[in-house]
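Q: Chain by chain, the residues:
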Amino acid sequence: MTFSEKIWNVVRREVRIWVRRPIYIVGSVFVMAFCTFFYLSFLKDGVPSDVLIAVVDLDGSSTSREFCRQLDATQLGKVVHYDDFASARFDMQGGRVTSVCVIPEGFNRDIQAQRQPTMSFYINGLYFLGGSLAWKDLLTMVNLTAGAVQREVLRMQGVPESTIMGQLRPVDIDIHQIGNPTMNYGAYLANMMIPGMLQMVVIILLIYSLGTELKYGTSRHLLQTVDGDIYAAVSGKVALYTLLFTLIGWSIEVILYKWMHFPLAGRLGQMMLACFLLVLASEAVAVLIIGCVPVCRFALSIGALYSVLGLSLTGFTLPVEAMPAGLRGLTMMYPLRYYYEMYVQCGVFGSGFGQWYIYVVALLLFCFLPFLVLRRLKHAYEYLDYERN
Amino acid sequence: MKETYARKWLRDALGIFNLELGRLLRDGGVMIIFVVAGFLYPILYNFVYKNGVLEDTPIAVVDDADCSDSRRMIREMDATREIDIAYRCTDMQQARGLFQERKVNGIIYFPEDFGERLAGEQTAVFSIYADMSSFLYYKNLLMGSEFVMLHEINNIKVERFRFDGLTDQQADASVNTVLYDDNNPWNRAFSYSIFLISAILMLIIQQVMFYGMSMSVGTMREENRSFASLPDTLSGHGVGRVVLGRGAVYWLLFMIIGIYVGLIVPAMFGFPQRGSFRDIMVLLMIFVTVCVFFCMSWSTLVTRRESAFILFLFMSPVCIFLTGCSWPATAFPAFWKWFSYLFPSTFGCQAFINLNTAGADLEIVAPQLRALCIQGIVYFVVACGAVYVENFVIKRKDRIDEVRKGMEQRIEQRIERRIGAGKTQI
Chain S
1 MTFSEKIWNV VRREVRIWVR RPIYIVGSVF VMAFCTFFYL SFLKDGVPSD VLIAVVDLDG
61 SSTSREFCRQ LDATQLGKVV HYDDFASARF DMQGGRVTSV CVIPEGFNRD IQAQRQPTMS
121 FYINGLYFLG GSLAWKDLLT MVNLTAGAVQ REVLRMQGVP ESTIMGQLRP VDIDIHQIGN
181 PTMNYGAYLA NMMIPGMLQM VVIILLIYSL GTELKYGTSR HLLQTVDGDI YAAVSGKVAL
241 YTLLFTLIGW SIEVILYKWM HFPLAGRLGQ MMLACFLLVL ASEAVAVLII GCVPVCRFAL
301 SIGALYSVLG LSLTGFTLPV EAMPAGLRGL TMMYPLRYYY EMYVQCGVFG SGFGQWYIYV
361 VALLLFCFLP FLVLRRLKHA YEYLDYERN
Chain A
390 MKETYARKWL RDALGIFNLE LGRLLRDGGV MIIFVVAGFL YPILYNFVYK NGVLEDTPIA
450 VVDDADCSDS RRMIREMDAT REIDIAYRCT DMQQARGLFQ ERKVNGIIYF PEDFGERLAG
510 EQTAVFSIYA DMSSFLYYKN LLMGSEFVML HEINNIKVER FRFDGLTDQQ ADASVNTVLY
570 DDNNPWNRAF SYSIFLISAI LMLIIQQVMF YGMSMSVGTM REENRSFASL PDTLSGHGVG
630 RVVLGRGAVY WLLFMIIGIY VGLIVPAMFG FPQRGSFRDI MVLLMIFVTV CVFFCMSWST
690 LVTRRESAFI LFLFMSPVCI FLTGCSWPAT AFPAFWKWFS YLFPSTFGCQ AFINLNTAGA
750 DLEIVAPQLR ALCIQGIVYF VVACGAVYVE NFVIKRKDRI DEVRKGMEQR IEQRIERRIG
810 AGKTQI
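Chains as they are written, first to last, in the working numbering: chain S, 1 to 389; chain A, 390 to 815.
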């Protein structure tokens with residue numbers, strides 16, 4: 001039997017297993033479809049709008065009412081009126097409103113008399129996005145209010161309109177958001193969460209596929225179909241899973257960058273390459289885990305622990321440099337980390353080959369991992385001398 | 390002594406409790422999940438998010454203005470907690486190179502006319518270029534430069550009013566017409582860890598219980614036993630006894646894990662604990678109870694030992710989003726809002742965040758507790774229903790098999806007749 005014949009035998013055998021047990025297709029295609037649907041539809045707005053801001057207007061003057069109307073008119077905020085601070089705080093503590101803004105009594109009178117009234121904001125920073133956006137909105141609005149008052153004063157003094165802006169705002173910032181110009185949270189999170197789920201699914205499913213052979217004692221049959229050649233046995237399985245997951249991964253890339261039009265500075269082909277390598281490297285990790293621990297259940301538990309933590313350790317939410325020093329090395333053990341780096345180079349900066357080839361190399365290096373454990377796996381496959389359950 | 394119904398009920402439930410406890414303790418795999426995941430995960434997550442705040446993001450500056458104002462602003466930005474001016478570049482090309490090499494996470498650019506415009510009382514604009522690959526870089530660059538900008542605006546305006554002959558106090562009153570005072574009482578530095586860990590802790594309880602229970606149910610199924618079989622002495626009654634007896638085992642185990650996760654872990658890591666002990670215990674008791682019924686209901690679907698990992702592992706990150714701790718719950722699409730009501734973690738995490746981290750009391754979290762109670766009742770009924778159906782199927786297995794066989798035979802006969810009819814036609 002030539003090597004290619006052996007691989008063909010394994011592939012045919014594996015396809016029969018898929019047909020008999022739908023868990024493989026459900027666990028890959030359905031799970032990834034659900035995740036893609038979830039992250040794209042859940043975050044479809046890009047930026048949350050109408051976060052609830054409680055306003056306690058103790059003044060009730062035309063100025064304070066105008067402030068409330070303006071705040072309500074912003075895209076971010078939606079004003080909820082409260083009669084007193086206690087009830088507003090009650091709801092903020094219960095997470096029902098993101099923040100409380102108190103307009104003091106005599107607000108309008110103090111502004112007119114230049115007595116500098118003080119507004120108070122209270123923000124619930126535990127509901128992260130809502131809290132920080134409400135804070136930003138309130139700060140903008142109070143600065144605009146102060147500006148509006150000054151503008152009126154300047155107009156009364158007879159300053160020409162053309163120079164009023166220079167007086168009101170001597171310095172301004174021109175903000176450029178590289179890689180995500182609309183500050184779309186959906187794009188930001190989905191870009192990494194969905195490949196992160198792919199890494200998880202690849203690792204779990206391949207461990208399961210290799211592990212069930214041990215669990216149900218079918219590993220000898222697998223070895224028989226390849227004349228005892230463990231390289232062919234694992235390559236055959238990996239080949240089929242690579243095909244399946246690469247197709248899933250590529251569909252995801254097309255959905256993200258062509259269908260949803262998420263910003264991508266580089267080429268789609270580069271992301272597809274990154275995705276293919278992510279699949280390969282994750283498979284290598286899966287083989288390593290089941291090779292080290294040839295007990296299906298243990299290997300799955302380790303794989304689950306490893307891949308769930310991977311989402312945090314990739315560093316796309318909390319950057320790696322903010323993690324404790326001891327953990328920074330650990331982040332290098334995840335294929336997703338290199339996928340992320342490659343996404344930053346290709347997707348955010350649109351860099352050339354010279355900037356991202358190193359991540360391709362890193363992901364390819366993962367592919368050497370299985371060779372460390374294949375002999376051990378073969379031993380386990382032949383003798384079935386490990387605990388099955 | 391006369392055997393009352395209550396006494397018999399208790400004895401049966403205790404028997405089932407003992408049976409299940411023994412089964413769990415003997416199952417090494419399940420115990421490993423409970424112990425390792427239940428005890429290790431909270432520590433790992435606390436460790437990953439220990440710092441929580443990103444400080445001194447490296448930034449490159451291109452100062453084409455090279456005036457005293459721009460230099461002062463650069464110095465001030467460097468002094469903020471958020472920004473570290475790591476490189477001063479001669480042109481944008483160089484800064485861009487550093488940006489792509491990821492040596493800096495942002496660029497600040499002062500154009501040539503910055504000083505002139507400022508002197509001419511026009512709006513002087515400087516640019517920032519933020520790396521959006523992590524939003525924390527952007528937040529730092531924006532906050533650092535915005536603070537400095539607002540501070541500068543203030544100084545410049547006061548200075549100008551003083552030139553016009555106003556006193557310091559008058560100038561200040563003219564510039565700062567409205568003052569504000571902002572408080573972020575429960576997460577002062579907008580720390581990433583405080584908001585995320587609060588939500589993760591309760592989720593760990595739910596997920597660990599689910600994986601463990603699914604594994605145990607799957608094992609029994611593999612061994613051709615059922616998780617739900619009623620003892621023969623009960624003669625078909627006593628679904629409640631099975632559910633409550635089995636549930637009590639998990640409840641006790643997870644109250645231990647829950648106390649560890651909800652009370653000891655935060656103390657170990659110096660995490661804010663503003664709630665009262667009593668309130669958190671009340672929440673844990675309700676939450677763990679609901680989780681038990683939730684897991685019992687859903688684990689019915691599991692047929693093999695490992696399938697829970699393959700089919701449901703991806704739900705953990707999804708559940709985090711569904712708690713509303715990051716994307717605000719008011720902005721959920723309607724479908725996902727309803728979907729989130731399926732999980733006890735949605736309300737459990739919210740209640741824990743409010744109680745433990747925001748220092749609320751039970752009255753404030755009453756809506757969440759009420760929702761948890763409703764969930765608990767619904768899932769209890771579903772769990773009972775599952776046991777009932779399971780027993781119905783087991784008891785009538787022979788009958789069901791007979792019916793199935795009969796149907797198959799009839800279909801076969803019919804097919805044969807058709808074929809036969811076809812043949813005769815030919």
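Since the hints were made in silico from the structure, they are not lab data.
Built from N, CA and C at the ideal position, the CB exists for glycine as well.
You may find that some hints are simply not true.
Footprint (simulated), chain A over chain S, 3 or more residues, beta carbon under 8 Å [to be verified]:
#: 1; segment: 37-46
#: 2; segment: 158-168
#: 3; segment: 243-254
#: 4; segment: 271-279
Q: Do three or more residues of the segment 271-279 of chain S come closer than 8 Å to chain A, measuring C-beta to C-beta?
A: violated (count 0)
Q: Taking a Cβ-Cβ distance under 8 Å as contact, does the segment 37-46 of chain S have three or more residues in contact with chain A?
A: Contact hint for the segment 37-46 of chain S vs chain A: holds, 6 residues under 8 Å.
Q: Would you say the segment 158-168 of chain S counts as covered by chain A, given the rule of at least 3 residues with C-beta under 8 Å?
A: The restraint on the segment 158-168 of chain S holds, since 4 of its residues have a Cβ under 8 Å from chain A and three suffice.
Q: Are 3 or more residues of the segment 243-254 of chain S near chain A, judged by a Cβ distance of less than 8 Å?
A: violated (count 0)
Violation of the numbered hints given earlier is confined to hints 3, 4; the remaining hints are satisfied by the structure.
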